Structures are given as structure tokens and as C-alpha cells.
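Single-letter residue listing:
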Amino acid sequence: MQGNEACVEGALDAGVTFYAGYPITPSSEIAEDFAAKLPRVGGKFIQMEDEIASMAAVVGASLAGEKAVTATSGPGFSLKQEIIGFAGMIEAPCVVMNVQRAGPSTGLPTSPAQGDVMQARWGTHGDHPALVLCPSSVADAYLLSFQAVNWAERFRTPVILLLDETIGHLRERVILPRKDEMVIANRKQPQGSPESFQPYDILDEDLIPPLPPYGSGFRFHTTGLYHDETGFPSNRPEVTHRLLERLHQKIDKYKETLFLYETYGLRQANQLIISYGASARSAKAAWRIAREKGLLVGLLILKTIWPFPEEIVTQVGHDKNNIVVAEMNRGQLIGEVERVMDKRIPVRGAQRADGVLITPEQILAKLEGVN
Amino acid sequence: MQGNEACVEGALDAGVTFYAGYPITPSSEIAEDFAAKLPRVGGKFIQMEDEIASMAAVVGASLAGEKAVTATSGPGFSLKQEIIGFAGMIEAPCVVMNVQRAGPSTGLPTSPAQGDVMQARWGTHGDHPALVLCPSSVADAYLLSFQAVNWAERFRTPVILLLDETIGHLRERVILPRKDEMVIANRKQPQGSPESFQPYDILDEDLIPPLPPYGSGFRFHTTGLYHDETGFPSNRPEVTHRLLERLHQKIDKYKETLFLYETYGLRQANQLIISYGASARSAKAAWRIAREKGLLVGLLILKTIWPFPEEIVTQVGHDKNNIVVAEMNRGQLIGEVERVMDKRIPVRGAQRADGVLITPEQILAKLEGVN
Amino acid sequence: MARYEIRLSGAGGQGLILAGIILAEAVVKFTDKEVIQTQSYGPEARGGASKAEVIISDEEIDYPQVNKPDFLLALTQEAYNKYNRDLKEYGIMVVDERVDIAMRGGPTYVVPIQKLTQEKLGTRMVVNVVSLALFNKLHEVVESEKLKEVVLARVPKGTEELNEKALALGEELASNLNQYKIKTKEEEEEE
Amino acid sequence: MARYEIRLSGAGGQGLILAGIILAEAVVKFTDKEVIQTQSYGPEARGGASKAEVIISDEEIDYPQVNKPDFLLALTQEAYNKYNRDLKEYGIMVVDERVDIAMRGGPTYVVPIQKLTQEKLGTRMVVNVVSLALFNKLHEVVESEKLKEVVLARVPKGTEELNEKALALGEELASNLNQYKIKTKEEEEEE
Amino acid sequence: MPKKGNVYINENWCKGCEICATFCPKKILGLRGDGKMEVMDPENCIACNQCVLRCPDYAIKVEVIDNNE
Amino acid sequence: MPKKGNVYINENWCKGCEICATFCPKKILGLRGDGKMEVMDPENCIACNQCVLRCPDYAIKVEVIDNNE
Amino acid sequence: MELEKYFRIEKLPHIWCPGCGHGSVMMSIVKGIDKAGWDPTKVVVVSGIGCSSRAPGYMNFNTLHTVHGRPIAFATGIKLANPELKVIVITGDGDGAAIGGNHLIHACRRNIGINVVLFNNQIYGMTSGQYSPMTPQGSMATTSPYGNIEPPFDLCELTRSAGANFVARGTVYHLPKLDNYMEKAFAREGFSYVEAISQCPTYYGRRNKLRSPLEMLEWQKKNAVDIKKAQDMDPEELKGKIVTGIFAEKDEEEYTSKYDQLISSVQGGKK
Amino acid sequence: MELEKYFRIEKLPHIWCPGCGHGSVMMSIVKGIDKAGWDPTKVVVVSGIGCSSRAPGYMNFNTLHTVHGRPIAFATGIKLANPELKVIVITGDGDGAAIGGNHLIHACRRNIGINVVLFNNQIYGMTSGQYSPMTPQGSMATTSPYGNIEPPFDLCELTRSAGANFVARGTVYHLPKLDNYMEKAFAREGFSYVEAISQCPTYYGRRNKLRSPLEMLEWQKKNAVDIKKAQDMDPEELKGKIVTGIFAEKDEEEYTSKYDQLISSVQGGKK
Ligand SMILES: Cc1ncc(C[n+]2csc(CCOP(=O)(O)OP(=O)(O)O)c2C)c(N)n1
Ligand SMILES: Cc1ncc(C[n+]2csc(CCOP(=O)(O)OP(=O)(O)O)c2C)c(N)n1
Ligand code: SF4
Ligand code: SF4
Ligand code: SF4
Ligand code: SF4
Ligand code: SF4
Ligand code: SF4
Ligand SMILES: [Mg+2]
Ligand SMILES: [Mg+2]
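Here the protein sequences line up with chains S, H, X, Y, U, E, L and B, keeping their order. Per my numbering: the first sequence = residues 1 to 371. Per my numbering: the second sequence = residues 1001 to 1371. Per my numbering: the third sequence = residues 2001 to 2191. Per my numbering: the fourth sequence = residues 3001 to 3191. Per my numbering: the fifth sequence = residues 4001 to 4069. Per my numbering: the sixth sequence = residues 5001 to 5069. Per my numbering: the seventh sequence = residues 6001 to 6271. Per my numbering: the eighth sequence = residues 7001 to 7271.
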């Protein structure tokens, strides 16, 4: 199975019934696969006139009660940003898959890169949270796609699945979990009557309001303006403050449960490689080689990159005397590592952004005691 | 003079002859003012069908030889991102003014915020540099607008002028510099013949290729794909690497000259306030009050926020024992301050993102010894 | 004059923002004081209450927002409701006679600005200039003639006469302001 | 089998990517080896050289890129030029007879794959399947019948017979491969 | 016998645009000093509903008076 | 006297799509085994230029043979 | 018709300026819904950003105030997701014709069952009076201080060419006709486009010598030409006029019903 | 005509697939430029992203390969900045009709002096065969594996309705006519739109039983109907046909010349 295909399978298994998108290399297989498979399960696929319309249609379908997905790559990801922000503001569950190619601009459409890592966090205007997952294998693509849909529904938020061309187009053996091991999450439904329903009234401690589908009898208003618990616009500072804080806290509160990662060989390690996505494959190879050479190196592969797993990184990294962050860009997530680590510990970047998969050798070269 | 108006004046004085835009609060006065003034100097104003088209038209006009500007606010800034990246990739000089309002999404269209600070750096996909200026007074608006146009031309890059609603709509007394004190920069022109011209051949040590206007006899090809010195696409890793590095280095090389800032009361200070844009006004008031109270507080007002003036911040901040970063968001530029400062020094955020101008009191509260 | 904060408020469309701008321009042009003018509208520049604020000071003005106005004008109930709260305890308040106000301590004037403007000038369009002149006269920020110069440069051609009359009416109201004064809390209590 | 890297290259449209996919699928289905398949096109998925790469290994495959292929197929000159460089010194190279190659050390076969495919099967469309069968037979990755099963599940309805013939042709070429072998550098030197 | 009507104006909603007054065939509506519409001559209303139809603020209701009573 | 022509095929540009061959009224063009177009019967070319017009790859040139020579 | 049934009474009065035509158009839509007899809980009203796009907030249905220019794309997602819903889009000449023009023509082409009502006040109201793609040539606006040189769209022609099943244009002055177009639009399957010429006294009128809402209504009255009459007039005569009436009434198959057929054929193993 | 004069010979052969129609359309444009007698240094060719949009790289003018869907907006900036330049836009049915549809109609409306040539191969070629807004109903594409249910645009109708001065549609099969439309388009002031039906054997042909470039050209021949003839045919008969010919030939004033007048009037203090 190909990485892109695995994303589709994971999403379908999580209950996705709606896809709207606009083709772009190297993500197009996701659209093509949904186009073939959705009608078979009674779901809907539509190719919209552009990426903006795709994102809008996905949010619309989400409000109509569907689990909805779109997929794209860099240029399309840039275009979707405005409405990703809208989805966050109105709390519409949805998943955006971005199969990264080398940018900026048209760049190298068929080459891998991890240049949209910071954009995935900060791409839309205004303060907003972000929930971003990075698979580094085809199996990950399946699992994290499933997880992304679940989290979108559970937290009522757009979730970004950030692949790269390498993982998107990779085929490898995947052993899928048994269906009955996969727990599907559905958005919360209101308990009371339509008359008393206030769409943004926070009754539960998870800070997440229920979301009934259009047509179910609950009529309410939704706007991208700051709004109070009735859903209508308000510019009272206490209301705007409360809303923005809640949008962040509903995720921050569960941060620890959101940090997905793998570690290898941490015991006794005095050096650490941190990586994610396709780079993590090379990082793992580098780690193996280093270990074979007798170096005490540990490896941390991040699957959740936003919210940045500060706690994990500091816990794993605080006692190291060299940290290498391997990524396919000119240094993006490394900024966060630097931010959270004590200056005493050198943080080195193993980076490459020329459209070629980073090599284990490059990463090895940044470790101490290699030569 | 209003802040928005000052931007127009600064741009016109720097030689701007082209504006394309799409109205949006709180930036519309910039468009309106250009619409009135450009035809008087033989320049062109066009209201395009949307922000994307506006950005495209600006880049087109730039290639045709004009100094070109657009202005917008959050939602439009999100939409412009794809083509801002294109402008960076092909090295088209242009200026994008973003008068920030409170986001995310439609947010509070008429309220001030500084929520697009990270987006201004990371908003478009792929690795790319950014040059971003933040005025904190109407006089600044004039001067930095002038500077933005100059730098766009000199460095062949999009420059972002990041205002906020407060500064955009503020009127205050401004004393403009004498015209003969203002030095206008123009993009470099090729020296050789059209036949031998290679549009991205780097002959000068500033790493910046010349850019002749369309119609001047120099015919060449331009693309948002990775390209070599002839301007034609190439996916050879050494070519792509070289281009991406140069795009960054042409700015990094002159970084020190790009850092604009003001400092107050640094001597003997043991605490430091860092701020920018409208927040810097409150920061200055807070600083005054603190000084009156006898606290040894210094103030650093950043005018250039990207590239992040790491050297300045560490130099000014390294010997302090409390740093307060005042901004109107949930903490954006503070991440950079944290990244560059030693963990020993506490970095505190004075923040607010509810649509209200941050108050001096809020900032004071984060200083030590205030009680 | 140390920092003096002025807030002119009413409904969107009454032209108070223009009044604020004119006031600030006059200060820049004819005094050596520092001045700042800001404005704010309702949720999206449409309808609702609107305010223009001006700060005048002998010193550099850092923080540009009006927090505790020394002077408040409120032409509508909505504007009053929204903007009266933070008026300084002994700040001056001028409201249109149709506005219901709560009892307070500082000098308070309830003036039939809109009605008189309509009656005397045949239109309520220039209620902003009337208000501006009233304020200026009261505080003598700039001389009448100078204010007139700035006003006339800013208003649409053909409305000069109307605006001159509006200036005159505003000054007249300022001169007779005491007749519109209402009792303060304390005065009330004294009775 | 330790890590074994295979690169199938030619012009876009020759179907080598499909060949790579089929090979990988066969490995997944009928062996317990690890396998990885990747591909790459020209600047924007149009024209130019294209390659499919497969890695087969007994162990977990971390780094998924082919860096030093053990086996290279090149059906066109452009593909050869672009992709031959990093072939292992003693890696196997199979090129179409129309490709001009440089002298080298490892086993090298110049096979009229395209010509024979055209001649024997009446179309060059299945040159990918011919190549695939050639490779499989040479390395005995999976049994012929099993490869056939995977191929037939992947090709368009109605082309089954043609593809069976292509598989047979490929195996035949593999069996006679030695007749296409050209002298290596060393052999040359020995003469 | 011509219809007759009682006209109710919702002062909270009326914005004084004078559209109703213009369209009223009997010209019985007029603006008050405070900018709200007022029924100046209630007797003459013929319950034609023009004002209701035309008011962009839904501020008018007309009750037809049952002449048979 | 009918025109005559010399046909030149640029083998570096020809992609073997066979469009020229189909449009050639004299049917004198044909694909070689290596997928490049070839002039099979040069004598019969009437220099009608159809092949030149039709080739999407600009791979054909036809030189009119001056019959008067 | 009881206001309470369809409006969120507690939100009134609406934010629109005195004499703004948008209130009249909103009422016309609501009357259309009433006539159509739709269950309010099955009606979704979607808008973009603009004065006009504030309408849904007052209407007691499922209401969605989206981002500028994209309501039709949101509506497409809603309708396709659940074709039983009645989906109305409220948009403006900026929202629907400037930034949103592409979504409009693509929805027409697909002929998806959405009813678009465009409040055409020939100006950007919300952002204080810049010209729009439907501002008449020569008009004054804040961004055309020397008079607008751009020709306006005839969106009725355009939506018809793009494939809409129903297209009509009315004015606030000719309200009863407008009510009639709404009724017809809502009754027809497939995509419908109704354009309502509305007045913006605050930003269009003031600058263009139409000093009151009444003068603007007068202008509508004077310049409206019925489409039947227009057919006999030459283009010169028609310049600056507003052609009103029904531009298209077709019965091409609706998009979501085609999609439903596709699903059954795929699931039935047919095809 | 010497190839060398207008082409970057060293860049040939172009990247297009064997039998792709784009090469023929590119040549038709170049012949048009030659006929128009334009100074190549004053010609700017702008494209978006797509196979078609790769054309400018081979053309020896000022050439600009922009981003997907926006070439007309870039071209608008170029033309307005310097009206002396001759600005040609090369776009595809995806680039120009899907993502770029809005810029196309707005440029028509402004009637700005840009010549748009749309290479209509009825598919997204570059991204390997997804359906486009101009893919015929029922066609197979990678994203319509069960047959496309969306009706295609008639962009000639649309651009005419939107205000273009010149509109025509030709096919690669009927090349001489296409050459003629280019010539006419380039000769006329104001906005022009020429649509060229091109063939994509690789992604459209293969999937839709048109097994070779030749079958695709045959298909063009068989389905093309001249616009004059089409006027007498009913819509049912015309379904699936390609109407070719000139759809509009007008002389409305061009945008940048109006702008220049505005400048002189402002500077002259008039108005
Ligand atoms: C992306 C984006 N661009 C611009 C705006 C600013 N904006 C808000 S409403 C509007 C125009 C509204 O005009 P119209 O649709 O005609 O509605 P009206 O107010 O006239 O009813 C604009 C440009 C925005 N909110 N978002
Ligand atoms: C913003 C963006 N979205 C999508 C793409 C991917 N993309 C590149 S070309 C193309 C379609 C091209 O189709 P068309 O314009 O018809 O050109 P053709 O290749 O058929 O000639 C698409 C969707 C992109 N490059 N940028
Ligand atoms: S039409 Fe309505 S809002 Fe206007 S004056 Fe009459 S009652 Fe008031
Ligand atoms: S119902 Fe008719 S007559 Fe009575 S007030 Fe209304 S418009 Fe006038
Ligand atoms: S038409 Fe051109 S490319 Fe095609 S076969 Fe003939 S010469 Fe070759
Ligand atoms: S010129 Fe005419 S006859 Fe000669 S080869 Fe070409 S098409 Fe055939
Ligand atoms: S600005 Fe214009 S459109 Fe907006 S509410 Fe006021 S009158 Fe209506
Ligand atoms: S994919 Fe289609 S459009 Fe693109 S070059 Fe090949 S044949 Fe032409
Ligand atoms: Mg409008
Ligand atoms: Mg196409």
C-alpha cells in the first residue's frame, strides 16, 4: 500500500464520508482513491474549482454532519489557510492532508521536503492553535490519518496530517490493526432540546461544545467573527478573550494525550537525534549505524509536531550533551527545540532542502565522535 | 496624518507608481489614498477582484518595471501567501502592507492585534526568507514604508510592512524628513547586452541579479520552479540548493544593516521590556512609569522583526535578570526571544489578544519590584 | 495642558470621527501641543455606536488610547451606554437631551443638540460640527477663526455656509451651557 | 537477502512504475521479506526520464531511498544517463540495445528488449512487464506463477493474454541473458 | 365601503428613513422630531399595507378594522 | 508540373506520433523501428507542407525543389 | 406571515442603515421560504461577508456566516453532504461577483440545488464604499474618486451562460415582482440566481447625488426595463439601465440527484 | 517564418508527450504574433501551471511562468503598468477555467488588452488526468472513475457574456482556422479569448477509447460544428459537440486606454 492510499484507508476506517479537493502533485492519489472508494460506501467526493472552494466545501459538509477531509500540497495549502482559520474559529471538525513537496512557490513539485512545518502551525492569520501529525511510514499514514479524523471530531478542530512526497509515494508492507481494535470518535451531540440549545455553551469540562448536524432540528447561528455562547457576534473583550482562550485550552488541556512519538535506545544515551516524517527514516538508519559504531545515541521520532511536545523533548533531551534535529528544510522545528532546551546543550541541525531525501550520513556527521 | 495615509506618502516618496489591492478593514484607507494620489503622478491604481489577483497584479507590474505595492489585513494576507512566495522565488520587488486586525478568521475587523507576526515569517509554503517591518508611530509608518520600498528594490524581494489597526488609524503630529534627506533605491539594471543576459547570473557580491523591465529589450524566462542562472527550470540538487541558499543569504548577508530599533534607558538597567508596533507605545508608557518609580528598566523597540534581530536582542538582553516581551497576541515574537536567550534569564510575556490595545499597567505588572 | 482625553460618541454616520480629525488637525496646525486621534466603530464598520477620541498634551503621547476621558460627548443612548463608564469622576459630560443618564458627580450638561441643529439649520447632518464648536469654545483649544479654517477645508464644497452656521450654533450652545447643566449627585444630596 | 536495491528506469509512460509496484506487491504477498517501492518523475510528472525503485531486504528498511542500486534497468538513453551513475561497481546492469553505454566493471547486458517486445508481441506497451519478468526470473524473487497472479490482477481487463506473453518473453530473455552480456572493463583489459 | 386600518409603529425598530411615508397613498405618516415615524392622521388609513410592505425595518403593522362591527 | 519536395526530419525532436504520416496525402512517411519518423518514398513528395503544418513537434522541414533548375 | 416564525426577533432591529434596501430583500427571501412551505429546520442560509451577508443572523434557520466570497463553496459542501437540505446563499455584489465570482459560475455549471440571492447595492457597503464589479461606470466611490472606469458585470447573463436553471433580476422598488422571482427560484430544482437591486444610501447614494433612500428608489424605478422590452432595445439605449425579469427557466438535471444515481449504480454493481 | 526568430530552439524538443496537441497550438500563437508584426521584445507571454503553461519556456519573448490559475491577474498588472506591451496569456482548461475562472471573467469585464489563449485538452494533463470543468460529461478521468457527472463550461459563451471584445474557438484539427482566429484576436484592441481544442492522448485519450493522437484528431473533426450551423441546431443535437468559430467581435473601449485618459484628465486638472 502507498502512503497516500493508507491515508485514505485510515480516514475511511475512521468514518469519513466526504472529500472535496483540487488535484495537486504529490497528493493527487488521495483524491483519486477517495473518488473511487467513497461512492461505494455511500459517501461523496467532489472536485472543486480550487483549493479554497475545497476547504469551504469540507467545512460545509462537516456542519451538515459528515466527517470530511481534503488533501493538497504546498501551493494549495497556502490557499486553504484562510478557511482553515475559519474552521478553527467556528470549531468545525475536518482534516487537511498536506503532502509536502519542495518549495517555496512551485518549487520542485515531485520532490520531497518538510518545508511547511512552520506554516502548518502559523499559516493562517491571527492567533490560533494547531494540531499537526507527521507520519514516517505507510503504517503511520494509516494510523495517524485515523487518529486525525478522530481528533478532529473529538476536539472540534481542523487537524493537519503533514506528509511528505517520500511517505506519500512510498509503498511498503503494512500490517493494519484489527478493525475492532480501532475506536472511532464522534463529535458530541447536544443533550437538551432545540429550544434551549446554545451552540457555544460550554457545559462539559473538556471545554468542547456539542455540534448537531444541520437538519436535525437544532437551529443556530455560526460566524467567523468573535462570538459568545449563543453563536452571535460580540466584541466585548471578556467574550473575545474567553473564546480565544478556550480555543487554545481545549487542546492544551489534553496535550499530554496528544503527544505521539517513538523513542529508541535512550538508556545511557548521551546524544540524541530528533526527527519526524520521512527524515525520521534516515534518522533511524543513522541511529542504527551510530549504535553499531558503539556511540551512545538515542532517537526520538515525533509523530505529533504541533502542539510542540515540549515536555517530551526536554525530558528526553535535558541530560544529553548533543542534540541533532534532522529535517528536510533549512531549520524549522529545530527552532522549537532550541527554544525549550537549555543553552548549555548544543542543538545541531541536520538539514537539507534541495528536493533530495536527507541521508543517514548527513545526520551521522552531526553526531559527536563519529569520524 | 493617519498611519495608513503615512504609508501611502512614504511609498509615493520612495517612487511607487503602482497599486493593486482589494479593500479590507482596517487597511482600506491605504487603497483609497493611492486611488486618489497615483493618477496625479501618472501612476496606476487598480482594484482587483480579490487579494490573490491583487498580489499577482503587483508582481506583474513589478516585472514591467514599476515599484508596486498592495495592502490588506489578516484574511487577505492569508490569501496572498501563495503569491508572496512566488514573488520571493522569482525575486520580484514588491511591498505588502498588512494592517493587522484581531483574528483568527473574521475575528474583530475593527480592533487592533498583532496576531500575524509569525504568519508574516512563515505564511507561505516551503522555506523562504522574510523581511518584515513594524511601525509604532505615524512617523514610523512613513519612514518604514519608504524603507520597505527601498529594500524591496535593493534586495529584489517582497517586503512586508506589518501595521496594526491602532497605528493604521492613528493620527498624530508627524514631522517628515526633508525630501533631500531621503535616498531612493532602485533595482539593479544589467550592464551587458540583451544577447548575453542571464537573468539569474550572479555577478555581484551582493548576490542579487539585475532586473530589467519588460519591453527594454532583455528577453528572459521566469518561473516559480527551481531554476538555474538562465532562469529555466532545473531539479539538479546543486542548482536547487544554490538558489535556496542565495535567496536567504542575499538578505542574511546584510542582516546587521536591516535591524532597525530604538532603545531607551539601557544604562544600568537590570530589566528589559521588548516590544514593537502599537504595543511599543504602551511599553514606552510603562517604561516611563517604571523609571519614575525608580526601577532600572530598559526598553527595546523593534522596527525590524524579521529577520529576527537575534544579535541585538542577545546583546541588549544578556545581562538582564528579567525580560518582558509586550505584544498583542498570545505570544508570538516571545518564542524567538526565548529561543535566543539563556534559560537563566526569565522571559515573561505581557500579552493580550482580545481586540483591546495592551495597557501600560499590564506591562508594568510583569516587571519585578513593581508591587 | 497635561494629558487631556476627549471622547466624542454617537451613532455611526453622525460624523463624529470627522469632528475628531478636525480637532486634531487644528491642534497640529495652530498649537505646539502633541495630539493623537483615534476612532472605533461597531463590530464591522456598520451601524451601532461609534466614537472618536482625541488626546491633547504638552508632552509626548506614548499610550494612544483614551482610558479615562476628561470630556465625553454622547449623542445617542447606545453611545452613552457603551462609553460613559470610564469617564473621569469629575470629567465633563455633554449628552443630547434624548439620552437617559444616570446621576453622577462631575459637571453634566443635557443639551438639545440634535433638536436645535435640526430646528436652526434645517438638517441634522452637521450635528458633528456643532458639537465640535461647542467643545472647542468650552476649552478654547484654538481660536474660533482657526477652527473655521480647518473645518471649511474638510467639508464638501457647497456646504460651507451651513457649516459656518453650525460652528456659530455650537459656540452659542457653549456660551449658554450652564443653562443645560443638571444637578450632580452631590448637589442633589445637598438639597 | 540482505538489502538489495533495484532501479527500473526508462521514459515516462513506459509503465516502469507499475512494474515496480507489482514487484513490491509480489514480495509482500508471497515472501516474508521487507520491501519498499518508490518512484520519481521529471520536473512535473510530464515527459523526461522516470524511475521506479524497489528495495528488498530481510531486515526492517529504514532509509527508503535507493542510493547504490544492485540492479539497474535502463530502457532509454536519457534514463541511462541520469540514473546509471550510482550503480554499485559490481551491480547488474540491463539496458536496451539502443542505449549507448560506457565501459564498466560489473555484469552488463545489452538486450533488444523493446525491439523484441514489438516484434514478438506486436506492441511496446508491455515492455514493463517483459522487464519485470526478466528481473524476477534472474533473481527468483517469487515463482513465475505468483508473479503472474499479481500482474494479472493489476493490468486492464482484456490484456491478460498479452501480458502473459510478455511474462513469458521476459523469462525467456532472462534464460538467454548470457548471450547479451558484454565484456566488462576487466575482461576487456585481459584481452 | 373603503377598508380602514390601525397603524402600529415599532419605535425600537424604526430608523426614520421615510420610505413608508412616501409610499403611503393617504400621506398620513410623518417623521417626528426624534427621527421616528408617527401616524399623523390615523383616521384616514385605508389599510392598504403599502407602508408594511415598504418598511425595510419591519417596523409597521397594520390591523384592518372590521367595518361590520 | 506538380511541385516536388525534400523532406527533412529532425530525429531529435520527432516523437513518433504518426500525425504527419496520416496527413501526408502521398502516404510516404512511416515510423521506423526506433519510433522515429522516416521518409519512405522521398520521390513522391509533392511539397504540400501538410506534414510541416501538422507536426506538433516542429520536427519536419520541407524544401521545395525548384523544377526549373 | 408571522415575523416570529422566521426571524430571530430579539436580534432586531438589524444593523443596516436607515433606508438600506437590504431589509426589504431579506423579507422577500423569507416570504419566498414561507410560500415554498419549507420546514425551517431543514433550511440552511449561508452568507459571506458584507452588509448583505449579515442577513442570516436575523433569520431563524440553520445560519452560517462564512468568509468573504466563498459562501457558495460552503453551500456546495452542505448540499452535497445532505441533499435534503434547502440551501440558500445570501451574498453581495462584492462577495458574490468580485472575490466570489468563480464559485458562482462553477455552481451554475454544476447546476447544484442552491438558491443564491445577490443583494446588489452596486458598492462595497461594509467596507465603506469602494466600487464593486457591479458599480455603474462613471460612479463615484472611495476607490474611484475620479469616477469608475470599469464596466459592470451583467451577472444574469453570466449565470445563465454558465448553466443556472433559474435566473432573475428584480429591484427593491418593484418588490412584489421580486417576491415572485423568489417564489419561482425556490420552487425550481437545480441552481437558481436571483439578483435584487438594493440601495445603499450611506455609501453609494451620498456620493452619487442620490441624497436619500427615496431618491435611490426613484432611480430604480426610472432605470428598470423589463427584459421583454429590453429585447427590442439596442445596446446603446440599454446602457446604464437595469434589465429586470426572468433570464432563464430550465430543467436541467440537478447535481446532487445525479450524484445519488452514481452512488446507487456503483453500489448496485452496475456500470 | 523562421523558427529561430520566435522560439528558443535550444530548449526543444518540448516536454509534451508524443502527439500532444499543445505543440500545434503554440505554433499557431507564434504565427499569429508573426502576422501581427509585433516586436518580440515588446511581447510578454504569461502562463499559469499545467502542461499548456509550459509553452512560454520555448517562446523567445519576455516569458513568465506564474502560479496555477492566476496568469491573467499577473498579465493585468503587466498590461496596466505598461500598456505598450503586447500581453498574451497561455492557460489550460484547469488553469483558466477551474482555479482561474474568476480572473478570466473579470479581465473580460474590464476589457483589458490581453490576449488569452486557452489550450483546452479537456483534462488536467500535468497532474495526470483528473477531470476539469471542461471535461465532457460521461468521460473517464482519474477522479471520475465512474464517469464525469459535471456539465462542462462553454467558456466562449461565458467570456462573451462577461464582455470580451473578441471570442473564438478552434481545434487543432482545423489548424488553419485556428491560425486565423489568432490573427484576428491579436489584431483587435481590448480583451480577446481564443480557445483551442487540443488533444491529450496520454491522459484523456487513453481512458476514453481514443487510443491515439490520430483518433483524437478524428474526434475533433467529427464533433466540430461551425457556429453558424450551430445556430440552427437545437440544444439536444448540440450536446457533446464542439461549436467552433467566432463568438464575439466588438470594439468596446480598452481598459488601459481609459485609464490613460483618466490620468490626463486628473493631471490636466479637468474633471
Ligand atoms: C478575504 C477578505 N477580503 C476582504 C474583506 C473585506 N470586506 C468585507 S465585506 C466586503 C465587501 C462587501 O461588499 P458586498 O458584498 O457588496 O456587500 P455589501 O456590504 O455591499 O452588502 C469586503 C471587501 C474580507 N472581510 N475578507
Ligand atoms: C495552487 C495549485 N493547485 C494545484 C496545482 C496542481 N496543478 C498543476 S497543473 C494543474 C492542472 C493543469 O491542467 P490544465 O490547466 O488543463 O493544463 P494541462 O496540463 O491540461 O495542459 C494542477 C491542478 C498547482 N500547481 N497549484
Ligand atoms: S419605513 Fe420603517 S424604518 Fe422607515 S421611517 Fe417608516 S417605519 Fe421607520
Ligand atoms: S396602510 Fe396604507 S394608508 Fe394606512 S398608513 Fe399604511 S400606507 Fe398609509
Ligand atoms: S508529426 Fe512530427 S513528431 Fe509526430 S511522427 Fe511526424 S515528425 Fe515525428
Ligand atoms: S510535404 Fe506533403 S507530400 Fe511531402 S511528405 Fe509532407 S505531407 Fe507528404
Ligand atoms: S452601508 Fe449601505 S449597504 Fe451597508 S447597511 Fe448601510 S446602507 Fe446598507
Ligand atoms: S499529459 Fe497530455 S497535455 Fe500533458 S503533455 Fe502529455 S499529452 Fe500533452
Ligand atoms: Mg454591495
Ligand atoms: Mg488541460
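Read the hints as simulated data drawn from the structure, not as lab findings. Accuracy of the hints is not assured; some may be wrong.
[Stated by the list, open to error] Calculated cross-link-like contacts (lysine-lysine; reagent style BS3-like; alpha-carbon spacing at most 27 Å):
id, chain 1, residue 1, chain 2, residue 2
1, X, K2082, U, K4036
2, S, K366, Y, K3165
3, L, K6222, H, K1037
4, Y, K3165, E, K5003
5, Y, K3068, S, K179
6, U, K4003, L, K6177
7, B, K7209, E, K5003
8, B, K7209, E, K5004
9, X, K2181, X, K2157
10, U, K4027, L, K6222
11, U, K4026, L, K6258
12, E, K5027, B, K7209
13, L, K6258, B, K7035
14, E, K5027, B, K7177
15, X, K2183, X, K2146
[To be verified] Computed footprint of chain U on chain L, listed as stretches where at least three residues anywhere in the stretch have a Cβ under 8 Å from a Cβ of chain U:
id, stretch
16, 6009-6016
17, 6133-6140
18, 6203-6216
As the structure is a computational prediction, the values presented were derived from the model and not from experiment. For glycine and all other residues, C-beta sits at the position ideal for the given N, C-alpha and C.
Inset, instruction - Count residues of the stretch 6009-6016 of chain L with a Cβ under 8 Å from any Cβ of chain U, then say if the count reaches three. - result: Check passed, 4 qualifying residues.
Inset, instruction - With a cut-off of 27 Å on the C-alpha distance, tell me whether K4026/U and K6258/L pass. - result: violated (54 Å)
Legend entry - Verdict on chain U covering the stretch 6203-6216 of chain L, criterion of 3 CB contacts below 8 Å: Coverage by chain U holds here, the residue count being 3 at a Cβ distance below 8 Å.
Legend entry - 27 Å Cα cutoff - pair K366/S, K3165/Y: violated (52 Å)
Inset, instruction - Could you grab the alpha-carbon distance between K6258/L and K7035/B and see if it respects the 27 Å cut-off? - result: violated (47 Å)
Inset, instruction - Take a quick look at whether K3165/Y and K5003/E sit within 27 Å of each other, Cα to Cα. - result: Violated - the C-alpha atoms of K5003/E and K3165/Y are around 48 Å apart, more than 27 Å.
Legend entry - Pairwise hint evaluation, K179/S against K3068/Y, where the allowed Cα distance is 27 Å at most: violated (39 Å)
Legend entry - Hint consistency between K7209/B and K5003/E [alpha-carbon to alpha-carbon, up to 27 Å]: violated (39 Å)
Inset, instruction - Given the hint that K5027/E pairs with K7177/B, test it: the Cα-Cα distance must not exceed 27 Å. - result: Holds. K5027/E to K7177/B sits at ~24 Å (cutoff 27 Å).
Legend entry - Distance restraint between K2181/X and K2157/X, which requires alpha-carbon spacing of 27 Å or less: violated (36 Å)
Inset, instruction - Below or equal to 27 Å on CA atoms is what counts here, so check K7209/B against K5004/E. - result: violated (38 Å)
Inset, instruction - Could you grab the alpha-carbon distance between K2183/X and K2146/X and see if it respects the 27 Å cut-off? - result: violated (34 Å)
Violation of the numbered hints given earlier is confined to hints 2, 3, 4, 5, 7, 8, 9, 11, 13, 15 and 17; the remaining hints are satisfied by the structure.
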